[in-house]
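Put together the whole structure using the sequences plus the hints.
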Amino acid sequence: MSNSNASEREVILSIKGVDISFDVGGKNKFRAVKGATFDIYKGETFALVGESGSGKTTLGRAIMRINECSAGEIDFEGQRISGKISREEDRNVIRNIQMIFQDPAASLNERATIEYCISEGLYNFHLYKDEEERIAKVDEALKAVGLLPEHKSRYPHEFSGGQRQRVGIARAMIMEPKFIVADEPISALDVSIRAQVLNLMNKFKAEKGLTYLFIAHDLSVVRFIADRIAVIHRGRIVEIAESEELFAHPLHPYTVSLLSSVPMPDPIIEKNRSAIVYEALESEDDENATLRELYPGHFVHMSDAEVPFYEEKLREHGLAK
Amino acid sequence: MMEDRNIILSAKDVEVQFRVRDNYLTAIRGTSLDLYEGETFAIVGESGSGKSVFTKCFTGMLESNGRITNGEILFHGKDLTKLKTDKDWEGVRGAKISTIFQDPMTSLNPIRTIGSQITEVIEKHQGVSKAEARKQAVEIMERVGIANAENRFDEYPFQYSGGMRQRIVIAIALSCHPEILICDEPTTALDVTIQAQIIKLIKDLQKELKFTTLYITHDLGVVANVADRVGVMYGGQIIEYGNVEEVFFDPKHPYTWALLSALPQLGVKGEDLYYITGTPPSLYNKIKGDAFAPRNPHAMQIDFEEEPPFFKVTDTHYAKTWLLDPRAPKLEKPAIIQNLHEKIEAMTSKGGAFYVEQ
Chain R
1 MSNSNASERE VILSIKGVDI SFDVGGKNKF RAVKGATFDI YKGETFALVG ESGSGKTTLG
61 RAIMRINECS AGEIDFEGQR ISGKISREED RNVIRNIQMI FQDPAASLNE RATIEYCISE
121 GLYNFHLYKD EEERIAKVDE ALKAVGLLPE HKSRYPHEFS GGQRQRVGIA RAMIMEPKFI
181 VADEPISALD VSIRAQVLNL MNKFKAEKGL TYLFIAHDLS VVRFIADRIA VIHRGRIVEI
241 AESEELFAHP LHPYTVSLLS SVPMPDPIIE KNRSAIVYEA LESEDDENAT LRELYPGHFV
301 HMSDAEVPFY EEKLREHGLA K
Chain U
322 MMEDRNIILS AKDVEVQFRV RDNYLTAIRG TSLDLYEGET FAIVGESGSG KSVFTKCFTG
382 MLESNGRITN GEILFHGKDL TKLKTDKDWE GVRGAKISTI FQDPMTSLNP IRTIGSQITE
442 VIEKHQGVSK AEARKQAVEI MERVGIANAE NRFDEYPFQY SGGMRQRIVI AIALSCHPEI
502 LICDEPTTAL DVTIQAQIIK LIKDLQKELK FTTLYITHDL GVVANVADRV GVMYGGQIIE
562 YGNVEEVFFD PKHPYTWALL SALPQLGVKG EDLYYITGTP PSLYNKIKGD AFAPRNPHAM
622 QIDFEEEPPF FKVTDTHYAK TWLLDPRAPK LEKPAIIQNL HEKIEAMTSK GGAFYVEQ
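Just so you know, the protein sequences line up as chains R and U, in that order. Just so it is clear: in the first sequence, position 159 is 159 by my numbering, and no numbers are missing. Just so it is clear: in the second sequence, position 259 is 580 by my numbering, and no numbers are missing.
Hints in this document: simulated from the structure, not taken from any laboratory. Among these hints, one or two may not hold up.
[Said to hold, decoys possible] Straight-line C-alpha distance at most 35 Å; calculated DSBU-like pairs for lysine-lysine:
#1 R/K137 <-> U/K521
#2 U/K607 <-> R/K271
#3 R/K271 <-> U/K531
#4 R/K205 <-> U/K654
#5 R/K313 <-> U/K654
#6 R/K42 <-> U/K664
#7 R/K143 <-> U/K590
#8 U/K664 <-> R/K208
#9 U/K607 <-> R/K152
#10 U/K607 <-> R/K313
#11 R/K143 <-> U/K607
#12 R/K271 <-> U/K609
Following this line, the structure appears as structure tokens:
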């Protein structure tokens, strides 16, 4: 799977040199995202994988216009959606880009019924002919996420964490968006439900040509769902590759460390596996270091000095030109 | 070999009910567990299976609307189900049996310093002076991997990262040298790389301090890493238990099959992941037969009628399913989990998706 036809693929979302900083008192700024640059193609699932504090959620929220970019810009379908845009464009973003949040308890209005929580977007954009259609849509969305229509009249606190997250997914899906930012959507779910939600997301993708930015910390899940994966560490994207390629040939030491930390469901192997600890490379803070395409479609963040190191890695992986 | 080992805690036919409005919910439906001294036992199950409720009985931490309605929990010759007040529990909870919970932020008091939260426990349970408590607290902070512990003693929880906070929770739990450490999803809220560190820390501490560990988790990868023995819980009962290799490589209960089959690591790209249809049983109603029967594609008539007993697989491995009755048809476990070890071995060997150079 090379990306020979990548240039022909339609870019739906483009992140161009995005920096996101937060004031942390006085003149100090904390750079949560550092010079992120990548394209997401229409109809793909693009995973952003990193640990908490890596900036993955911050970047996802910047796409939703919740966080401001302090440098660079974000384009959706060729239109800039970061910074100041018109009210109409803003509504267009809200309508077409939906988010599934990380914390199911915090993302639902605890005083509203499930029916209202799910219908809220429909109300705001009048996406239904009559009450009957709205209720049918709500019922369908509930069923699609493994809940029952009779759950409509209940309140979020009456549900388990996993069920609440499914409500969160239902309220995003009901908007029939073009793009979904899914921020750790299954971290709070049980194994059996995880599979349902992932299958469901894949189904939506196949049927409706939906595009996902799937934010996660768990590589085992990402391998199954993502077409391409970007690995982010402390605000810096360190590696981007197609999913199979990244697993077959992880090149950046941080990616290797993440991969080694995935627990495997086999007591013989797991008891003899040890996680590789990653010490941050200096190049992560080097402003002259860039993402370079080492191999078609496979990008690694590096400084000039590190080029020989990665060339050697490529040889080890049998990928040298 | 197991028979030679001392049973440190023995729960027998425990039943727990919660009063919810005017209804009674039976969260634990008569289940038993023998915990051997020094072992790591993992209870694995999905949310609502009762794994947390069951183990909360061991420390008297059931919510106020819940009570143990049947059974006994023997610990050092004492029946823990008879303990009622906080005073009764003194000397057991926190002292001999400690718990680490999932979310370190809610286990710690956000407006008190890290140090004071550790010394409080040491002073209370050991009756030592403030200075001595501080000395011990700094020692244990260092032991759980807090660099520069002396300086970080007076910091607040928000100044610690999630992994560091969980280390503090472990420090507090271990500050009184408990005999049993209950780890209730201790790494679920943490990153994978941090998870690996915390799991290793608990293992190392267990080796050094020789306590017994009871893990509660939904993550079979974590179970494979930590456990000597595993119990699979469903609908308020342990339905299969055995040595960790037996449960992973020779599972007998259809629910254990389903749990293993749903692992994302076993997923094939472009194909649907396996998942369990239906929903867990409502615990408000009396459950007839095998609780998993309505979701079990292999269910037989008897599964809907009569609750199965435990059938012996080996001296250490038991499963509560009619499939093990001699009259039942011989069923193979699903193809996806056959040769599990070979499959995972291939994934983690050179050329496999999870291969890394060690």
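We went through each hint and held it up to the structure:
no.: 1; hint: R/K137 <-> U/K521; result: 48 Å, violated
no.: 2; hint: U/K607 <-> R/K271; result: 40 Å, violated
no.: 3; hint: R/K271 <-> U/K531; result: 19 Å, holds
no.: 4; hint: R/K205 <-> U/K654; result: 32 Å, holds
no.: 5; hint: R/K313 <-> U/K654; result: 41 Å, violated
no.: 6; hint: R/K42 <-> U/K664; result: 34 Å, holds
no.: 7; hint: R/K143 <-> U/K590; result: 24 Å, holds
no.: 8; hint: U/K664 <-> R/K208; result: 34 Å, holds
no.: 9; hint: U/K607 <-> R/K152; result: 25 Å, holds
no.: 10; hint: U/K607 <-> R/K313; result: 61 Å, violated
no.: 11; hint: R/K143 <-> U/K607; result: 26 Å, holds
no.: 12; hint: R/K271 <-> U/K609; result: 39 Å, violated
Going through the hint list in order, the structure does not satisfy hints 1, 2, 5, 10 and 12.
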